[in-house]
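Novice: Sequence:
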Amino acid sequence: MTATMEPEVGKSRRRKEDARLITGRTRWTDNLTLPGLLHMAVLRSPMAHARITNVDASAAKEMPGVVGVFTGQDLADEQGSLPCAWPITDDMKAPAAPSIAVDKVNFAGEVVAVVVARSAYEAADALESIDIDYEDLPVVLDMAAAVEDGADLVHEDLGTNKSATWIFDSNEAGTGGDVEAAIADGEVVIERTYRQQRLIPAFMEPRSVVCDPTGEQFTLWSATQVPHILRVMLAMTLSVPEHKVRVIAPDVGGGFGGKLQVTPEEILTFLVARRLGKPVKWTESRSESLLSGHHGRDQIQKLTLSARRDGTVTGLKVELLADMGAYLRLVTPGVPILGAFMFNAIYKFPAYRFVCTNVFTNKTPTDAYRGAGRPEATFAIERLMDELAAELGMDPLEVRERNWIKHEEFPFTTVCGLTYDSGNYEAATDKAKELFGYDALRAEQAERRDRGDTVQLGIGISTFTEMCGLAPSRVLGSLSYGAGGWEHAAIRMLPTGKVEVVTGSSPHGQGHETAWSQIVADQLGVPFEDVEVLHGDTQSSHKGMDTYGSRSLTVGAMAVVQAADKVKAKAAKIAAHMLEASEDDVEFATGSFRVRGTGAESKGVSIQDVALAVFAAHDLPDGVEPNLDSEATFDPENFSFPHGTHLCAVEVDTETGGTKIRKYVCVDDIGKVVNPLIVEGQVHGGLAQGIAQALFEEAVHDESGTLTTGTLADYLVPSAADLPSFVTDRTETPATSNVLGVKGVGEAGTIASTPAVVNAVVDAIRHRGVDDVQMPCTPMRVWQAIHTGRTDAGGLGSEAGGGLGSIDTTGGAQ
Numbered sequence: 001m002t003a004t005m006e007p008e009v010g011k012s013r014r015r016k017e018d019a020r021l022i023t024g025r026t027r028w029t030d031n032l033t034l035p036g037l038l039h040m041a042v043l044r045s046p047m048a049h050a051r052i053t054n055v056d057a058s059a060a061k062e063m064p065g066v067v068g069v070f071t072g073q074d075l076a077d078e079q080g081s082l083p084c085a086w087p088i089t090d091d092m093k094a095p096a097a098p099s100i101a102v103d104k105v106n107f108a109g110e111v112v113a114v115v116v117a118r119s120a121y122e123a124a125d126a127l128e129s130i131d132i133d134y135e136d137l138p139v140v141l142d143m144a145a146a147v148e149d150g151a152d153l154v155h156e157d158l159g160t161n162k163s164a165t166w167i168f169d170s171n172e173a174g175t176g177g178d179v180e181a182a183i184a185d186g187e188v189v190i191e192r193t194y195r196q197q198r199l200i201p202a203f204m205e206p207r208s209v210v211c212d213p214t215g216e217q218f219t220l221w222s223a224t225q226v227p228h229i230l231r232v233m234l235a236m237t238l239s240v241p242e243h244k245v246r247v248i249a250p251d252v253g254g255g256f257g258g259k260l261q262v263t264p265e266e267i268l269t270f271l272v273a274r275r276l277g278k279p280v281k282w283t284e285s286r287s288e289s290l291l292s293g294h295h296g297r298d299q300i301q302k303l304t305l306s307a308r309r310d311g312t313v314t315g316l317k318v319e320l321l322a323d324m325g326a327y328l329r330l331v332t333p334g335v336p337i338l339g340a341f342m343f344n345a346i347y348k349f350p351a352y353r354f355v356c357t358n359v360f361t362n363k364t365p366t367d368a369y370r371g372a373g374r375p376e377a378t379f380a381i382e383r384l385m386d387e388l389a390a391e392l393g394m395d396p397l398e399v400r401e402r403n404w405i406k407h408e409e410f411p412f413t414t415v416c417g418l419t420y421d422s423g424n425y426e427a428a429t430d431k432a433k434e435l436f437g438y439d440a441l442r443a444e445q446a447e448r449r450d451r452g453d454t455v456q457l458g459i460g461i462s463t464f465t466e467m468c469g470l471a472p473s474r475v476l477g478s479l480s481y482g483a484g485g486w487e488h489a490a491i492r493m494l495p496t497g498k499v500e501v502v503t504g505s506s507p508h509g510q511g512h513e514t515a516w517s518q519i520v521a522d523q524l525g526v527p528f529e530d531v532e533v534l535h536g537d538t539q540s541s542h543k544g545m546d547t548y549g550s551r552s553l554t555v556g557a558m559a560v561v562q563a564a565d566k567v568k569a570k571a572a573k574i575a576a577h578m579l580e581a582s583e584d585d586v587e588f589a590t591g592s593f594r595v596r597g598t599g600a601e602s603k604g605v606s607i608q609d610v611a612l613a614v615f616a617a618h619d620l621p622d623g624v625e626p627n628l629d630s631e632a633t634f635d636p637e638n639f640s641f642p643h644g645t646h647l648c649a650v651e652v653d654t655e656t657g658g659t660k661i662r663k664y665v666c667v668d669d670i671g672k673v674v675n676p677l678i679v680e681g682q683v684h685g686g687l688a689q690g691i692a693q694a695l696f697e698e699a700v701h702d703e704s705g706t707l708t709t710g711t712l713a714d715y716l717v718p719s720a721a722d723l724p725s726f727v728t729d730r731t732e733t734p735a736t737s738n739v740l741g742v743k744g745v746g747e748a749g750t751i752a753s754t755p756a757v758v759n760a761v762v763d764a765i766r767h768r769g770v771d772d773v774q775m776p777c778t779p780m781r782v783w784q785a786i787h788t789g790r791t792d793a794g795g796l797g798s799e800a801g802g803g804l805g806s807i808d809t810t811g812g813a814q
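For what it's worth, this note's numbering labels the leading residue of the sequence shown as 1, then goes sequentially.
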């Protein structure tokens, strides 16, 4: 054994899990094959809103290989209602959410029948033989129209399309002043309405479920982010004893919030497997994923900002309409509410009011998508700060600097009551400006405008922070969230000195196995290679709150550290006995216990020696059990607050509307870095998704509620060839909310990049009278903004794909 002398934390190690992933030595859910396995296929409604008047499945039951056909009527008495764990108000309206429609469908893509057959092909073929008659109902698609008096209703029994209205007012909360008074007294008042288009989490691995009812327990494998939550919700929804349910999330190929869900298909696979007494598998097609997996974003943001003539902000009022879709899924109502705490961002607003009305429509339900409420808020405030700068004739960076929290003011309590523990916005911005060549690009921009170039240069800015580590249970409780935010971990010391780490965090591409191994290697002084990380199985990892909201490192890893501390405390007693010394005289460093003050060359006892002594148990101190294994549950007192400055330069062809990203620089402060290589991957992935919202992606429905972007030919997810090279760097102000000083990085790139790109596009053509372009900033929309003054698609870009035009492989939309 070689003691770990060089710290692992901070080292750019390649991910240890990648070897099995890229060589195929892993098992995704869809790879599983069990004896007697049957396959389930799902029939989905083509109608967005209709009554089911007749279902004829007789022909399907006679098809080759078919074992069973189930309709809503067949499963109505046992399916329960899909859970919503976030009742944001006492009077929130939450309709029953069946996994399979019984007598009415409320969105195109809702399940109306399932077929179980001996092969996936036979099951899919049999779907075509099911005949369903529908009676059309009015389709509700427009949020603004949906909340008007006399509007057609998605759920007639509710009497309204409004699910809930949630309000935060700084004056009422005692955290700030009266926003209406601030606006009335404002020397400058900026009013804007922005549209956050609907997006679809296009994860790499489609959703898949396998349920085996043949053992003592029901075992359910699922491509899920939340195996522990799924287990609890299965038990509660289906009235199954929780100890008789085992959920396993094997390697999961991406999620981005799209697998933070209890899905209809998980319920249905469980039900039909139980009914038939045989294992059943369901795996979706890509089109099914785009159609029926939950969507994200989809807000109308009405914003009012007041300020003094010197650029100092005085008030911010936010009025949102947020599209829930047809039903409330697991955390649907709370997603826009998370944004309530981030609209004020890094700025010192004296007065703030946030009002959000959640609205039902006949569209696919929405829920968490990477950033979950925080990207929407950051987009709005960063667009507004640019608009304020334009109104005042100031540089956009100058306006931001005038209003942001200075580094010497931390910790700082914001107008919405959060306490930012650490940060240095000046340092991140200075480094970003240097890497970007800000002054030179501004000079070039001026020259191009003076010359009247066809291709104009725009510079976009986004200075952001976010609340990471969706955790503090007391805070979640105050927001009526249906669970806590703690995380659990255990460390098992094996007789040979190897280490097994059991974590309640359930990764889907973040690199937990590598990062946790680095952390434990440092904590226990063992080699990186001697650490094995176990996760995603509710039988071996019996407690956990899973992975979302950039909480894995800031919460999950802290539980690992605390468990390691307990291992060392146990080992110290035994090591002192082995060294014939007092426990108070023994210290631990680089993997060994030594008598304090005797130097590194003195006799020591390694933690591996202690592990073997515990296994033998021949000579232990009186009253000490032969066990080093330890576990811990960590519940932080505060969120963590990463921040950064992102700068984007775009070139816009004013004759075609084509946009090309010329340079993108981001400097993020995520506190201490465990693995820089993993961080770079997270940042690059986040940037790709944020830029995709700005320029490429949009879920579009036609007037009947049919999703017209239901394939990857129509829903435009950019590839690496469509994106620029990124210049990334970091500054560091350690978090004070955890012992490692980490802040979280999984969502940062997505949150910051969208407004940076859109600000750049608008900046390039602002001198042409343009102050907004609705996302995605397609060539059609940019051209219309320049030549007609329209900022939306105006009906011309609403065809499949949103009128995106061609793609320039040198980077950016053309």
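Derived by calculation from the structure, the hints in this document are not laboratory data. Treat the hints with care, since some could be wrong.
[Claimed, not checked] In silico DSSO-like links for lysine-lysine, alpha-carbon gap of 30 Å or less:
#, residue 1, residue 2
1, Lys-61, Lys-93
2, Lys-498, Lys-433
3, Lys-16, Lys-566
4, Lys-498, Lys-406
5, Lys-406, Lys-433
6, Lys-431, Lys-93
7, Lys-11, Lys-568
8, Lys-543, Lys-568
9, Lys-11, Lys-566
10, Lys-498, Lys-431
11, Lys-433, Lys-566
12, Lys-244, Lys-431
13, Lys-104, Lys-93
14, Lys-433, Lys-348
15, Lys-573, Lys-603
16, Lys-672, Lys-11
17, Lys-543, Lys-663
18, Lys-244, Lys-278
19, Lys-302, Lys-406
20, Lys-433, Lys-603
Novice: Hint by hint, say whether it matches the structure.
Specialist: Against the structure, the hints come out as follows:
1. Lys-61 / Lys-93: Violated, at about 38 Å.
2. Lys-498 / Lys-433: Not satisfied, since the Cα-Cα distance of roughly 47 Å exceeds 30 Å.
3. Lys-16 / Lys-566: holds, 26 Å
4. Lys-498 / Lys-406: violated, 47 Å
5. Lys-406 / Lys-433: holds, 18 Å
6. Lys-431 / Lys-93: violated, 48 Å
7. Lys-11 / Lys-568: holds, 23 Å
8. Lys-543 / Lys-568: holds, 22 Å
9. Lys-11 / Lys-566: Holds. Lys-11 to Lys-566 sits at ~25 Å (cutoff 30 Å).
10. Lys-498 / Lys-431: violated, 43 Å
11. Lys-433 / Lys-566: At roughly 45 Å apart (the allowed maximum being 30 Å), Lys-566 and Lys-433 break the hint.
12. Lys-244 / Lys-431: violated, 55 Å
13. Lys-104 / Lys-93: Within the cut-off at roughly 18 Å; holds.
14. Lys-433 / Lys-348: Roughly 23 Å separates the two Cα atoms, so the pair holds.
15. Lys-573 / Lys-603: Distance ~16 Å between Lys-573 and Lys-603 Cα, so the pair holds.
16. Lys-672 / Lys-11: holds, 12 Å
17. Lys-543 / Lys-663: violated, 45 Å
18. Lys-244 / Lys-278: Holds - the C-alpha atoms of Lys-278 and Lys-244 are around 16 Å apart, at most 30 Å.
19. Lys-302 / Lys-406: Measuring from Cα to Cα gives roughly 29 Å; hence the hint holds.
20. Lys-433 / Lys-603: violated, 54 Å
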